[in-house]
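Chemist: So the protein lines, in turn, are chains A, B and C. Using our numbering, you'd call the opening residue of the first sequence number 35 and step up by one each time. Using our numbering, you'd call the opening residue of the second sequence number 296 and step up by one each time. Using our numbering, you'd call the opening residue of the third sequence number 2 and step up by one each time.
Keep in mind the hints are simulated off the structure, nothing from the lab. Since this is a predicted model, take the numbers as computed values, not measurements. Don't be surprised by glycine CBs; every beta carbon is placed ideally from N, CA and C. Hints are not guaranteed to be accurate.
[Stated by the list, open to error] The calculated BS3-like cross-link candidates involving lysine-lysine, where the alpha carbons are at most 27 Å apart (straight line), are:
hint, chain 1, residue 1, chain 2, residue 2
1, C, LYS32, B, LYS584
2, C, LYS69, C, LYS80
3, B, LYS584, C, LYS190
4, C, LYS80, C, LYS217
5, C, LYS217, C, LYS120
[To be verified] Some chain A residues near chain B, calculated using beta-carbon distances under 7 Å:
hint, residue
6, PHE137
7, VAL141
8, GLU142
9, LYS143
10, SER146
11, ASP150
12, SER160
13, THR167
14, ILE170
15, ASP210
16, ALA211
17, GLU270
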Amino acid sequence: MLNSSKKPRPKKLLAAVVAIFALLASACSSAASEAETTSADESATSTDVSGTDLPTDAERIISLDPSTTEILFALGAGDKVIAADGFSNYPAEAPADEGLSAFNTDVEKVLSLEPDLVLTGFAEESLVGALETNKISYNVQTTPSSMEEVYAYVADLGVITGQVDEAAALNKDLRDAVAEAKTQVEAGDAVGTKVYYEVAAGDNAGYYVGHDGTFSGDLLTLVGLENIASADAMDEGNLLNPEIILTSDPALILVNAPAEDTTKVAEISERDAWGEVAAVKNKNIVAIDEDTSSRYGPRLVEFIESVTEAAVAVSVAS
Amino acid sequence: MRAHKKATPFLLGCLALLASVLVGILYGSVQLGGSSAAVGKALLDALPLLSFESGLSDSERNILLNVRLPRVVLGCLVGAALAMSGATYQGVFRNPLADPYLLGVASGAGLGATIALVFSLPFTWGPLRPVAFAAFLGALGAVALVSVLGRSRNGDAARLLLAGIAIVAFLTAIQTYVLHRNRESIAQVFGWILGGLTTSGWSEVLFLAPYVLVCGVVLLAHGRHLDVFSVGEQEASSLGLHPVNVRWLLIITATLLTASAVAVSGLISFVGIIIPHAMRLLFGASYRKILPLSVLYGAAFLVFADIGSRTISGSQLPISVITASIGAPFFAAVLFRRAI
Amino acid sequence: MSSNVRHFAAENISVAYRGRKVVDNISFSVKAGEWLAIVGPNGAGKSTLLKAASGLLSHDGQFLWNNKPVAHAPAQRAKQIAYLPQRLTLPQAMNVYDYVLLGRTAHISWLGRESKADKQLAAEMLALVDASAFEHRYVTELSGGELQRVALARALCQQSKVLLLDEPASALDIGQQSEILQLLHRLQKEQNLAVVTVLHDLTHAGRYCDNIVLMKQGRSFACGHPEDLLQEEILRTVYGTLVRVLHDEEHGTIVLSG
Chain A
35 MLNSSKKPRP
45 KKLLAAVVAI
55 FALLASACSS
65 AASEAETTSA
75 DESATSTDVS
85 GTDLPTDAER
95 IISLDPSTTE
105 ILFALGAGDK
115 VIAADGFSNY
125 PAEAPADEGL
135 SAFNTDVEKV
145 LSLEPDLVLT
155 GFAEESLVGA
165 LETNKISYNV
175 QTTPSSMEEV
185 YAYVADLGVI
195 TGQVDEAAAL
205 NKDLRDAVAE
215 AKTQVEAGDA
225 VGTKVYYEVA
235 AGDNAGYYVG
245 HDGTFSGDLL
255 TLVGLENIAS
265 ADAMDEGNLL
275 NPEIILTSDP
285 ALILVNAPAE
295 DTTKVAEISE
305 RDAWGEVAAV
315 KNKNIVAIDE
325 DTSSRYGPRL
335 VEFIESVTEA
345 AVAVSVAS
Chain B
296 MRAHKKATPF
306 LLGCLALLAS
316 VLVGILYGSV
326 QLGGSSAAVG
336 KALLDALPLL
346 SFESGLSDSE
356 RNILLNVRLP
366 RVVLGCLVGA
376 ALAMSGATYQ
386 GVFRNPLADP
396 YLLGVASGAG
406 LGATIALVFS
416 LPFTWGPLRP
426 VAFAAFLGAL
436 GAVALVSVLG
446 RSRNGDAARL
456 LLAGIAIVAF
466 LTAIQTYVLH
476 RNRESIAQVF
486 GWILGGLTTS
496 GWSEVLFLAP
506 YVLVCGVVLL
516 AHGRHLDVFS
526 VGEQEASSLG
536 LHPVNVRWLL
546 IITATLLTAS
556 AVAVSGLISF
566 VGIIIPHAMR
576 LLFGASYRKI
586 LPLSVLYGAA
596 FLVFADIGSR
606 TISGSQLPIS
616 VITASIGAPF
626 FAAVLFRRAI
Chain C
2 MSSNVRHFAA
12 ENISVAYRGR
22 KVVDNISFSV
32 KAGEWLAIVG
42 PNGAGKSTLL
52 KAASGLLSHD
62 GQFLWNNKPV
72 AHAPAQRAKQ
82 IAYLPQRLTL
92 PQAMNVYDYV
102 LLGRTAHISW
112 LGRESKADKQ
122 LAAEMLALVD
132 ASAFEHRYVT
142 ELSGGELQRV
152 ALARALCQQS
162 KVLLLDEPAS
172 ALDIGQQSEI
182 LQLLHRLQKE
192 QNLAVVTVLH
202 DLTHAGRYCD
212 NIVLMKQGRS
222 FACGHPEDLL
232 QEEILRTVYG
242 TLVRVLHDEE
252 HGTIVLSG
């Protein structure tokens, strides 16, 4: 999973194409607005879930989003999760063995489980249509673009599952972890350390990064570090140009990798032209367990800790 | 005796279709009511005037009648539509590789779906959801563009195919550009392109059925004309067929049929090519046989492919993986046969 | 040109490709029961003239059947004129009988199918060209002579009184050549057809045809009876080479090159 947020839309160059579709479809658009309001609305972000008609007493929840699964279990609502998608590998007791997926969803299986609420990260048409037909509530949560959105989503899930206090407690844990990290960064004299956070290597054109318009990139700023990638610097394909990375000269490079995988660290240190970057020269390249960084849930605490540790280590070494 | 011999392929086709429908209804990703017999009873119970105690819960009955049954019916309709359109195109262009995808149906639908997915277009039309609607418009738009560009005074069919190649390349370029600028949508677009018979109830069937009915009747009525086409447009003309009129009628009908199928099922590959060819190899080259047989065997093939797609692996395998993995070797075999 | 006998006529026919006149102001007339040969060097416009007559090329001037313009719509025209091109496009896996039945296309309504009478006619025509024995073989499996006979049966199925054939004997060995031309001669007399053929072989033209149109560079160089036209000096002018013309009591006019 990528932490990239959605770019503002529509793109100018394609406005014309879209306009043609809009023109052709305008006659039928009234039916569209009707369909969109029957249940949770895709365009409504998590900050607004409690404003819709989602149930507050859901007992049979299907989660097709790993982050959502983690939060539900952290809220103590795990017993209400009757099924989760195949990527929901945490916690271990998450019921992920039904072979469900948010993409190309097995609608028959979803309905056979008789859920009263489906939470997903992607609005697949056939699934959404079947849920609407069968009057089953659902919510589509796209990846949050800041920690505030994460807090809001956690609070909403608390309302939905009737675990409001637990949600508040989880949010407090997260906020405390951020505050504690900030203190450590200050104590370790690491405030303002320049960080480059690589989510995935792209092609020659650039890299997928945790810029400040993503919840994980937002965290870097919140604990007092300087994220060299701003959302504005991303190109149209949501990639960061390597020239920006090299001229920013980050002191620390974080890279997403599966746990225990060191090949990505080695790959970055061997990149042509990257040898002069401070982080590479001083061997300050740290692998981050991608499960903890790509999921906006309770395990963000672990992510915060590993980031802080790495930043303080840079400061000590210099 | 001759009549008996003629009827055999049709009889076999009906049996294959019946078998596919039965298997498709009885087996799914969940076992309903504990046994196939219960499913059968519930099905009969749903018919008017009949009453059976099936033991299925309301929820199970709902899944059977509103998820599984429409999916099987949709498989029949899409399979029949793609196979008939493919046969028609091969006849009109006298080209064994022709199918409506060549004239931009696939790339137009792909671009439409991409734009709808990337920009989260809200437009719907009747039972069509935004992506399906945009795909339908895209497919028809692309073929209209190809037809305008590929017009020629003497009615040369090759021009149309060349225009198709140009438009397909152009639309694919736009689609790639849109995707390049919106990489986060790649998984969704890719999922749509692979195609599938996922339904949200009967709405897709209700949309597609009238097209299959009307276009199907038109195509089936023109099997004799396609046979006349097999001597080439010039000879067909001197035999008394108006080649340009007939060609356009058939191209428009087959395109409309494919576009409507693609709108609800994505780009399911190879059905339009392998089914008509299989009919030709097995039962003879007359389109009066190929067209109706394509309906039966195309429907049965796609329903079986869909059964494979939902049972072979744990999660749902894209149906094109099945159709193409059967289609490609078949195709290679046909080419090999031709070579020797 | 008018007469009481029914006839097929071309009046001032011109065909232009990109401004270049390939056929320039040609006129001819063939009575029912007569055979007209169009001869001339390669590139003279013979095939183009025949294509125009069959309605496949737009042209200036008009073709008449019984003093009335030939129909424009393919279905009506196919009932008046049957045409066989020099190279037939052969359908895959179609048997001879079904192929001959295609000749009935113009006589079947849009959504109709072949009647019993249509099928019977196809069988009769197959018998007429002596092809009944192989009616179940694929047309792609036939020898050149067999195919030409089958194609002739298809054309006869159109039941038109005008038959246009583009080099019906050119791809055949000499045995098959005389076989097909004798067959054509017989049918043309029996069925009272107006036949127009492009012919390469001047000896054949002299032997079987009632009249000849001699074309050169799109124009009609001369037309008339074979014995008047097949003269050494005329042919030398048209073909640009020395020609010997022999007269044989048994075989008629024989034209040799060199």
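Chemist: With reference to the structure, classify each hint as holding or not holding.
Modeler: Verification of the supplied hints:
{"no.": "1", "hint": "C:LYS32 / B:LYS584", "verdict": "violated (43 Å)"}
{"no.": "2", "hint": "C:LYS69 / C:LYS80", "verdict": "holds (14 Å)"}
{"no.": "3", "hint": "B:LYS584 / C:LYS190", "verdict": "violated (39 Å)"}
{"no.": "4", "hint": "C:LYS80 / C:LYS217", "verdict": "violated (31 Å)"}
{"no.": "5", "hint": "C:LYS217 / C:LYS120", "verdict": "violated (43 Å)"}
{"no.": "6", "hint": "PHE137", "verdict": "holds (5 Å)"}
{"no.": "7", "hint": "VAL141", "verdict": "holds (6 Å)"}
{"no.": "8", "hint": "GLU142", "verdict": "holds (5 Å)"}
{"no.": "9", "hint": "LYS143", "verdict": "holds (5 Å)"}
{"no.": "10", "hint": "SER146", "verdict": "holds (4 Å)"}
{"no.": "11", "hint": "ASP150", "verdict": "violated (12 Å)"}
{"no.": "12", "hint": "SER160", "verdict": "holds (4 Å)"}
{"no.": "13", "hint": "THR167", "verdict": "holds (4 Å)"}
{"no.": "14", "hint": "ILE170", "verdict": "violated (11 Å)"}
{"no.": "15", "hint": "ASP210", "verdict": "violated (32 Å)"}
{"no.": "16", "hint": "ALA211", "verdict": "violated (28 Å)"}
{"no.": "17", "hint": "GLU270", "verdict": "holds (5 Å)"}
Consistency note: the structure conflicts with the earlier hints numbered 1, 3, 4, 5, 11, 14, 15 and 16.
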